[in-house]
Structure formats: C-alpha cells, structure tokens
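Novice: What follows is each chain in one-letter form.
Number of protein chains: 4
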Amino acid sequence: MDFQHSPKAQEYIKRVSEFMKNEIDPIEESYLRELHSLDDKWVVLPIIEELKAKAKAAGLWNLFFPNESHGVGLTNLEYAPLAEIMGRSFIASEIFNCNAPDTGNMEVLEKYGTAEQQEKWLKPLMAGEIRSAFCMTEPGVASSDATNMEATAIVEGDEVVLNGRKWWTTGIGHPNCKVGIFMGLTNPEAHRHQQHSMVLFDFDTPGVKIERMLPVFGHYDEPFGHGEMTFDNVRVPLSNMIAGPGRGFEIAQGRLGPGRIHHCMRLIGGAEKALELMCKRAVSRTAFGKPIANLGGNRDIIANARMSIEQARLLVLKAAWIIDKVGVMAAMSEISQIKVIAPNIAQQICDAAMQIHGGGGLSDDFPLTGIYAQARALRLADGPDEVHRGLVAKFELMKYRKYMAEK
Amino acid sequence: MDFQHSPKAQEYIKRVSEFMKNEIDPIEESYLRELHSLDDKWVVLPIIEELKAKAKAAGLWNLFFPNESHGVGLTNLEYAPLAEIMGRSFIASEIFNCNAPDTGNMEVLEKYGTAEQQEKWLKPLMAGEIRSAFCMTEPGVASSDATNMEATAIVEGDEVVLNGRKWWTTGIGHPNCKVGIFMGLTNPEAHRHQQHSMVLFDFDTPGVKIERMLPVFGHYDEPFGHGEMTFDNVRVPLSNMIAGPGRGFEIAQGRLGPGRIHHCMRLIGGAEKALELMCKRAVSRTAFGKPIANLGGNRDIIANARMSIEQARLLVLKAAWIIDKVGVMAAMSEISQIKVIAPNIAQQICDAAMQIHGGGGLSDDFPLTGIYAQARALRLADGPDEVHRGLVAKFELMKYRKYMAEK
Amino acid sequence: MDFQHSPKAQEYIKRVSEFMKNEIDPIEESYLRELHSLDDKWVVLPIIEELKAKAKAAGLWNLFFPNESHGVGLTNLEYAPLAEIMGRSFIASEIFNCNAPDTGNMEVLEKYGTAEQQEKWLKPLMAGEIRSAFCMTEPGVASSDATNMEATAIVEGDEVVLNGRKWWTTGIGHPNCKVGIFMGLTNPEAHRHQQHSMVLFDFDTPGVKIERMLPVFGHYDEPFGHGEMTFDNVRVPLSNMIAGPGRGFEIAQGRLGPGRIHHCMRLIGGAEKALELMCKRAVSRTAFGKPIANLGGNRDIIANARMSIEQARLLVLKAAWIIDKVGVMAAMSEISQIKVIAPNIAQQICDAAMQIHGGGGLSDDFPLTGIYAQARALRLADGPDEVHRGLVAKFELMKYRKYMAEK
Amino acid sequence: MDFQHSPKAQEYIKRVSEFMKNEIDPIEESYLRELHSLDDKWVVLPIIEELKAKAKAAGLWNLFFPNESHGVGLTNLEYAPLAEIMGRSFIASEIFNCNAPDTGNMEVLEKYGTAEQQEKWLKPLMAGEIRSAFCMTEPGVASSDATNMEATAIVEGDEVVLNGRKWWTTGIGHPNCKVGIFMGLTNPEAHRHQQHSMVLFDFDTPGVKIERMLPVFGHYDEPFGHGEMTFDNVRVPLSNMIAGPGRGFEIAQGRLGPGRIHHCMRLIGGAEKALELMCKRAVSRTAFGKPIANLGGNRDIIANARMSIEQARLLVLKAAWIIDKVGVMAAMSEISQIKVIAPNIAQQICDAAMQIHGGGGLSDDFPLTGIYAQARALRLADGPDEVHRGLVAKFELMKYRKYMAEK
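Residue numbers (my numbering), protein chains in the order written: chain A, 1 to 407; chain B, 1 to 407; chain C, 1 to 407; chain D, 1 to 407.
Just chain A, same shape as in the assembly (with noise of 0.2 angstroms):
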C-alpha cells in the first residue's frame, strides 16, 4: 500500500499545475466578468482558443484518454489528481481538452466507432475542433430509472430515426457543438437492458431543435449550457449507430466508470477551491474584535470540511485504482459510493464558504454559488444519490445472501 502518486503522475500534477498558475489563473476572473457582460454569451472569446493552443503545446491536451496511442497515457488513477486540479476553474477543461461531456463521449467512439465514425467525430474532438453532446435525460419521465426513457430510435431500412424530447443535454449552448450522441428505444420486446441504442447525429440534421436553454440554480453555464431540445422524425444512415441496435446500456455503464472518477475528483477541486476561501476570509475579516476563524463554530467548520475532503479525495482514488486494476465492474460499488459522497460534500462546504463569506458568498463575487451549483446538479446528473444508495446498499446485502428470509 503506497499513498504516494506515481512519478509520472507527479511530474504531470507539476506540469498542469504551473499551466493553471501561469496561465488560466491570471485571466479567468477577467475573462468571466468578460463573457457574462456580453449580451450573447454563447459565444467562444479569443482567450479560450490561445490558451488551447498552449495547452496542446505543451503537451496537456487529451490527458484523460488511458491510452498511449491517444492522449499521454495516464491511467484513471494518474489523471484522477489532473481533474482536480482542473476542478478549481470552471473553463481549465475545456482548455485541456478534458471537459465533459467530451470526455466521454471521445472514450465512446476510441472504444465502439467504426472507422468512419472516428474520422469523422472523434478526430475533430481530439483536436478540439468541435464540441459534442450526449442525450439521455428526459422530461418526462422519471429519469433515475433509465429504463423509463420514451424517446425512440427506430430502424428503418439503412437509416435511424430518432423521436423524442430530452434535457439538460450539456453543452448545447456552445457554438461548436457539431454532435450528439443520442439514446433511444429501439426494441421494447428485447430484454430490460438491450432495447436501448446510442446513435451519432449532427446538430444541423433537420428535426433536431434545440427548445430553450436551462438554468441551474440561475447559471445557465455559458458558453456550453444546459438545454432542452426536440427530436422530430431525425433520419439518420444507420451507420451512425454505435456499436449495434439494443447496445445502448453496455455503452453506457463502460462510459460513467471513468467519467464518474471525473467528475467526483472535479468536485473536489472545488470543494478545495471552497476551503481555500473560506480559510482565508475566516482569516482576514474580523467581527467582534477577532478573526472570524475565532469565533464560534468555524474552526469546527473548517475541520469538517478537511476531514470531507481528505476522506473523498482517497475514496475517489481507490475506485479509480480498482477500474485500472480489475476494470469497471469490479468496482460498481466504490464507483456509486463516490457519485453520492463527492457531490455531497462538495455542495456542504461550498454552503460553508458562503456563510463564512457572508452576502456576498452568494453573489457571483465569488465562484462559490457556481461550485456549489455544479455538485448540486450532479446530486441528480448520471444517476441520483438514491439510485447509487441503493446500489451501494445492493452489493453490501449481497454479501449475506444465505441469511435472506424466505418471504
């Protein structure tokens, strides 16, 4: 047992972090307040692009492929400690080429696209050309129970058609969003988790519409953005379908092991970002004569919110070891334990910061409320708290099979 990161992961923590200092720290304050002034914010400002281009030059692009022949080669447990630095900054994904739902989606296509598909989607995505989606959540259905969803993905001849409505596809707003990867019914009569396929559209397909774009808790995430859109008899070659008719789920679970190492150790980047804060205005504002780190119950508060942290931070690196070691299904628990504790603290301590901050802890002076509405939101995004409780609870339980009453 050795808590040290590997020396490559080291050199590369060393590596993304003085990027981070040298380069997005510095302008992301100046850049948001740039962005959020415009009238159109769904738009790309030169900043971005520069900064990508000195990402990729220098060797930091595409880290979260765990393979040589497409990204530098770090495992999930190596790059798990990157997506945390990342974490503290709402656009440094993006400049890494790292960003969800991209991520995914690239690692779907190296691992299920045809030849054809890879030229044409996952190329340009690799190089950051495009930006892409991923369709599944539904507005009218309960969507923690994925096998609820309505839309449909019909063949029909050597095409696809697509119907449906679905939500908080992320990152439509982003004016490069060329793709989408698309989940529908296709079989009702196969078995629970083989009726469902993914299937690739572009965005100019006719029948694809995108009805409004959604906030979160008030942030609508510019440039990428949540949104709501409709699929009105969208014809495509059924070459767009990945993998083959009813494969749906099988893509889906290989997609969230890794993606959900991702997210959790993003999050907690933010809850970082959040303590770090919180320290030092405890530190620097006084009340009643003394820093505010002094009075009443703050330094229990702080306490807490490193003991989260340190606790989670280790969790999220032991269910990354297991995916690399054994692979995702060895470690379907540990992967639902993190989805549910990352968010959890995160939004706890984010919610702490804001106290300590006062007022304006809960304006945009700080990032606070943007950190605390993005672990909200992955309370509910890739399977809600309950739905991964229960898993979790699941293969506790399965363990004492033999004792199970007979009713």
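Rather than coming from a laboratory, the hints here were simulated on the basis of the structure.
You may find that some hints are simply not true.
Which copy is meant is left open, so a pair is good if it fits within one copy or across any two.
Claimed, not checked - Straight-line C-alpha distance at most 30 angstroms; calculated BS3-like pairs for lysine-lysine:
1. Lys178 to Lys399
2. Lys209 to Lys41
3. Lys8 to Lys325
4. Lys54 to Lys394
The hints should help you fit chains B, C and D onto chain A, whose structure is shown.
Specialist: Here is chains B, C and D on its own, set in the frame of chain A:
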C-alpha cells in the same frame, strides 16, 4: 393554552387564502414568465397594479400594521399566518402592500417619524404608490457585527452628510423605489450602541448612486432586486434624521422583532409550498415500477419535512405571542431562535424537494430554487445564523451566572 | 391562540415543582446511591413509600387521569407540563403514581374494565399498592409490525389460555408487580386488526415465568426493570379478558395517544435536565484559560439544544391539545411526530451534554447515561422511529391522493 | 499509489483472520456469558491464558511492535488491518498481547526505558505475564487541556513523590495489573510543555489506592475496567522516572500517534461488525410482509454505513503510512482527523444497527452496546473531538497565515 387562531385571524386567513386562490395563483406563473421574457425586467407589469387595487378594495391592505389606525389592527400573532400564506408566492406580499423592507420602514416611520416625514413618505408607502429601501450592510466589513459599520452620517449645521458604500440593499431595482433609510456612524465617541443614526434620503439626491444589482444564487429577484450603492457626500436636511443622532441601533432593534416574524412566516409558507410540490411529484411520478413516494427513504424525507415545519411554525407563533403580550425585549431569545430555524428548515426542505423533482427541480420550471435562494439569503440577512445562535446561548447561559468559573 | 397554561395547570406546575424541590431533589442522589450499593436492587426502599404517602396527602396523586372521578381532572394539555417536571427525575413518576406502564394500564381498566376487574386491579393500582406490566413485544419477530405477534390467547370454554414469549416487559422486576396485561392472537381468521385480545393475569398464575431481566445500555432500571417472560399454558378465567376477544388493537390504539404525550414530555424534562447540566458545566469548568462555554462550537451546541427543546415541547403540547379537543384519532400524525422528535432530540442533547462533561459524563456520576438510555429506548418502544415517520408520511401523502400515478 | 496491502501484511491478515475464526469466534460468546455470570468478574478465565499461549506459539504475538527485535516487524500500515480484525472482538487484543494501554506502555518502555526498567517491566509485559495502566486524566479539571493537570510528581533526593487523583485509568481492575505510568507536574516554573514527568509505579506501593471502578454507559469492561485512583505521598525510586523530569509531554506525544492508529482501526473493526450484524438482521427479519432491508430508508442507512467505513479506513491507513514514511510529527493533522472520524462513524453505525435490531439491539444479546460504548468513550479519551477538530483547523489555517487580519 390554546392552539386555535382568534376568530379575527381566522377570518383574515380565509379572506387572504381566497384572494390568493382566486386572484394570484391563477396568474403568477404567466406573470413570471412574461416578466422573465423581457429584456428589461425592472418594471411593474399592469397586472400587479390591478391586483394591488383589488386587494386594497377588498380590505386586504397593510395587514401587517399592528395598529388599527393604519391597518386592520391585527396582532403579530394574528398577522403571522397571513405572512405564511403570502410566503407561498413570490408576488403576494407586494400585492397586499406587506413586502419587506417597506413593512419595516413603514413601522419605523409610524413609530419614530415626524409629522413631516410621515406626510412625505409614510403616506405614499401606505398607499403603495412608492417603494423604499433600507441601507445597512456594507461590503468592506463583516456586517455580522453591526458596530463594524464604516459609512458615516455626519451632522453639519442643518444638514446631514452621508458617505459610504452599502450593499444587499433590497428593493432598489424597483422603478417606484423613491426613498431609503441610510444607517451610518455619527459619533464614534459615544457608547457602542449610540454611535449610529438613521437618515431618510430620496433616491434622486446628488451623490446617491446604484452601482450594480446583485444576484442571489443567480436570482436577481426583479423588479425589486438587491444592489450595491455608493453615497458620495450626499447632503440631506437634518429633518431627514429619524428620532435623532445616535438612535440608529435603538430603532433597528425595535424594527427587527416583527420583521423577523414576517420573514420567518413567509419562509414557512415557502417550505409548505416546497413540501406540497414534493408530495405531488412523489405520488405522480413513477420509477422502477412504483410511485417515487414508495422508493427508498422518500417517505422519511416527507415526514421529516412535515415535522420540521410544524415545530418551526409553532415556535414562530410563540415568539409573535410574546412580542404581543410582553414586548420585543422579552422575546429576544425566541426571535433569534426562529431566525435560525425557519431559514434552515426551509433550505433543507427545498433541497429535498429539488431532489425528488430531479433535474427540473434545479431549473426555473418550479419555484424551488427561488424559495431556496430566499431561505439561503435569510441565513445571512438580518444577522447570520452564527450571531443568532450566539444570542440564544447567551440568554441560556445567563441563567447559570452564579456557577460561573472565576477565570 | 394562547401560549400560557391554564390557571389550574399553572397551580399544579407550582405545586409539583415545589414538591420536587422540597422532597425529591434533596434525596434522589442518595437514594440512588443506596439502591445501587445493594446486592439485591429489586426492592422498594422505605423513602419511596414515605414520599408516595406525602404526595398522596398533598393531592399530587394520579394526576395523569383526565377525569375528575379518579384524579384531579387535568386535561392532557394540563398534565403535560407536570410529566415534564417528573421527567427530570428517575423516581418522581412513581412517587406521584404516574409511572408507565401503570398509567396506561389504569386508563385501560378505567375505560374498558368490568366492575370486577376495576375492583380487583384498578383500585390497588390507583392506591399505589401494586404495580403492573404490559406484555406486547416478542423476541422472535419484528414487533415494529404488531400484526407479527405470535403469542396466543385462546378461548377455551370459560378460560383463556396464554402461550408465548414476551420481552421488554417493563416493571416486572418490581416486588409489587402483581398484574399484567397480555396481548395475544385469539382469532387468526379475523380482520388484521381484530385478531388479538388483551387479557389480565396475576403474576403468580402457574405457567407465568420471568426468564431474565434485560439491560438497556447496561442499565437495568431497578427496581422496575424490563424483562423477558414465558407463558406456558397459562390459564385464566375468561372474565380476565378486556373488552372482549379481538379488541386488543382497538384498546392499544386508545391507550397509546396519551401515553406518548406522557413519554415525550418526560423526555423533554430529561432533555432540559441534560441542558441544565451542560450549561452548568460549561460555565464552571475551564480549559485553555477559558470557561468551556467559550470554546469552539460549544455555544452553538447549547443554542441548538435550546431550540430543539422549545420546538419539541410546543409540538407535544399541541398534540395534547388536539387529543383533548378532538380526540386521539384526529391527532394521529402529531402523536407520531412527537414520538419521533422527542426521543431523538433528547438523545442528541444527552450526547452533547456528555461530551461537555468529559469522561464523567459517561459514568454514573451524572444522570446523563440514564436519560440517554431512556431516550434511546423510546426510539424503539411504542413503535420505532421508522414506523412513526411512515405514518406521518402516510397522512401527508393522503392529501394528494388525486395526483396519484396509476401504477 | 497502490491500495493493496504488502505481501507481509496480507500474510498476517490471513493468519490472524484464521486464528480469529478458528480459536476466538467459536468461544467468545460463551466466554462472555460465563464471565458475566460470575459474582466477581475481575478474573482471568483459563480459556484466555490458553488462547494467549496458542497465539504466542503461532507467532501472532506483540504484532503491534514496529520493530523486528520485539515483534514481527510490521509497520504501522501493515499492523493496521490486524488491529481492525481484532477490533471485531472484545477479547482478541489481549489474546494477541496487543491491548491498550499495554501496547503504548510497552512502546514507551522500549523507546525511553532504562535497561533496568525494561528488565523489570517491559519483559513481563511482552510475555503477557503482567498488565499495566496509564494514569493521566483527572476528575477535578478539564483534561481536554492536558496542562490543567494537578497531580504532582516531585523529586525529593533519589525519590519521586506522587500525589493526586486520577480517573479513567484503564486496566486497573485486571488481576495481573502490576505496573502503572503516572503523569504529574514536576516543575511548574518550566515551559508549558516541560513541566510534567512520567513515573513508573508498582500497584502495591504504599499510598496507591484504587477508589472505585467506573462504568461507561453501564459497561465495566471486566476484567480490565476503568477506575479512579488516589496517590497519597507515593514514594518511588528516582530510577522509576521515564527519560527524565519534564519530559512527560514529549513522551506522550510520541506514544499517541501509533496508539490512535490502533484505536481507530479497532473501532473500524467494530463498525464493520455492527454493519455485518445490521445486514444479517435486515435480510433475515420481516415486517409488513418484507425483509426489513426493503423497508423505508434502511438501504440508505446500510449504504451510508458502508461509505463511512470505506472512507474512514482509507484515512487511517494513510495516517499510518505517513507515520511510517515521515514520522508522527508529519501526520499530526491526519492523526487528529482519524481520531474524530473513526469513533463518530462507529458510534453512528452502532446506533443504526441497534435500531434495525429493535429492542434486542439495546440489550447484551448483541455486542452493539459494547462497541457503542467503546466508540463513545473514544470521542473523549486521548483528547475529545473538539480538541482534535481544533488541531485540524489550526493546521489548515496555518497555510493562510499571510492573509491574517491585523487584529
């Protein structure tokens, strides 16, 4: 001991509920949709003035005034359930001319104002013709300790000169906001609680500037809003001072008791609204073959929400009863208790309601993030949780002074 | 609405408080020390009978009876504050002849007992000459679901035959415990809530056996105690049956309402006692140069305790008021609410009080572990938290039946 | 980074697990029943000595010693999982000669003891022939602040004179408890952390008196126990002093790091045991027609327990790793973190397990109240939660010293 409202309160509960049901509920959603579709949301739509006129005509106007000469003479205990009903809506308080900070400002003017001040400002406020603001919190210092206040209100001859920066001043976005009460340091040599004064100012006085409007969790609460203001050598006649130099804290104290009852009851209304939405969703949506209400710990969550609300409401009502019977000073601990409890339970219940709503709960499709933002903000406004818990503990420990250790 | 106790309640609050202060407080600690120093702790020390005689002489006897013909005719709402005062002591309830389960058993006998049953058992119980037990919970099944009950009460001619194993039967260690009420299955063919009967039995009936006494967190609660019993073909006359075959649940239901008010108010008294001890310790002990009260989050803990108690008490009083005004059935949700809230807050406050006491708080030098054990036990006795939360949710969701999903 | 135990640790995990399974698990329940049936429970039953001999013969002896010359040379990180396994049992630690406070006392003697001290006391302790005690906590002062200590260890010529009152001295009920380490004030003029000394004493020295044994939540933990002692002019040779006058805190500090790893890992073992019992009960008991596991929020409770344990264990292992790699001083924050986390989660999980067990969970039929009492006690022993949270916050805030406000 009797847990039934007085016949007078019951009558007004019935009348206000009916007005809500017949006039406000049917139009609130479309009103909000229309407002939010505007480029300039800082406006009063005609429907608001129409409803105000109807409410006034129906005798449901200035209900908060515990004084027959101004309102209908309801006690704090009798008005409390009406505030709860209004708290279920984002617009009802204004329609009944019972919205903060106007209520508190009117009470101050009624109690401490000169005939001239009352004629000029109280009268149009009571008529709902103008709106007002209260300028206390400052960005540069921890406002949890009100004696930190740095803005100044210096008497020079027959004028008062106001200087400083204030923020979280509620209502200043409203086109009818014409008058404000500014609190500032007049005499730094006086006793700690006799240094500050309250001074009335018109918004068109030279030197008064609205710097920007502030979001709370992304919500600007148009058309009222919360903003940051600067006062640059603002000169007003000495007759604009309320009660006299150095009496700011005394006035603030008296103002805050009933104001906190109102705030807390409105949040209890908000919490009830969130619980209602949670229950409706829980019985109407299905996942894994069951109504969501029957999954996992959801019934515990609903039960906990009900228990929190029942307890919090009783405590607020008891605090109101003490104010009515004995006065604000006798209710200091209870007022601080409700100021902690009500926003915290409202926040928790909203969070739980969001979770049961899935992604939609985080969007503007439901009023949940709005109620959440109000609750979260009230954990800081009018004194943060920490200060109020400290006061409750202080009153508790005072009972045991004789056991006090020497050192 | 009025938060002041009736003049009659106020008078009894004064009289019971004075009796506590003058007669019980001065001797309780030495009484407990003497009792615990004995090899056989299952005895009644003379001081107890002396104090019972004094209480009876003072007219402070059977106060719980909401009926002038038996007690002093206090309503549930009027008796509640007296139960709270008694709950501050481990012995007061017995001294005022207001201890469970005798109170519930007396109420059952008064309401459902025949003249013969009342003469034989109610009279000596009301005189404090004998004690009684109530046999419901069983070790072999989950008693949270009372219909799981396996013990039988079979009518054979003019006899009833009792068989089965019961545990957590309170009071059977007491040397004066002479009579019990046994609940068992009489007719498995009847409707789910009409299968069980309640039957009176004398402890010296052949076949009745006390198997062992059970500790609660290491406390045996001598001389009352809680125990495990077996019933092996215990034959009693049919005239010992209460109300008639199959009426067990009906009787249990009516019994539990006021009983829960008593339990909860006693625990609120226990919680007040714990808070008092916590405050005294916090102001009188010093560490790091300050009274403990001024360290870290201790004032928050004290404030939270005060807020929890205030809220819980009001809710219990309201539940009592509904029982008095409308009846037990109208108060079902509130009764379940307080049954969850009161023991949970009492447990938390005791835990916090222990922490502030340091090691001593875990020992028998303070009453904290004793109050804790009572609170912890009540989270299971008379229905576990889970069942009561479920009932609260059920009543809440019933309001929204029309929104119910089809499946 | 690697989450797999070293081959050596894995081997010992296997061997200790097998010894537990084959030798301890089969007899523990009957051993405890026999012990508790005795009038005098302060005895060593023969089975204990038999098992000790077997463990010693199997090479599973003094495993805690991170030093080849005394034990088997396991690092703290390697020993940690063994402590967890032992923590599932109330007797295993003694059988492997790894019980507190002997472990800490042996480490102190090994590190600081003279040859004479080692010959006289370390040797028989390592052989398991005698037991020992550590006298630190005092009833008269808040021991959370160790500098409060009032007992004295005054050097007079070639003797040290011990005076004072100590309590919560663990192990003094054991018939083999022969030696103790007394900590007392030697030089009140010295620097705050150089005033106290540690002095060895035999229990038969005149003036040493065991005043009484103390229960923890009603548990006396026979035959070890915790007690209150007085020292009345106890004279021992100066050669009994450890390391020299004024070095008490220095020794205590070094002692506490590994000791806290042991305590925390044992509690994690206790928490695992509680979770195991909870799951078995949840699947095997039925209520309302379902296994309890499928009712309400029970699966959430199980999932939360699993997540808490996983996180806490990783944090303890990381703290052990830092101690091994860099030393106790580098692990100060982590050691305080685990000292808060492990007992708190163990207490919560035990409480939840009790609830799922119903009444039985509160009795001695299950080990739950025993594990609970250990966890609850450790929230105070070796420094209360509050002190450790304070340390964690202090280390956290030190990072931001340069932002510190002036006042």
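Novice: Which hints, by number, does the structure contradict?
Specialist: 1, 4
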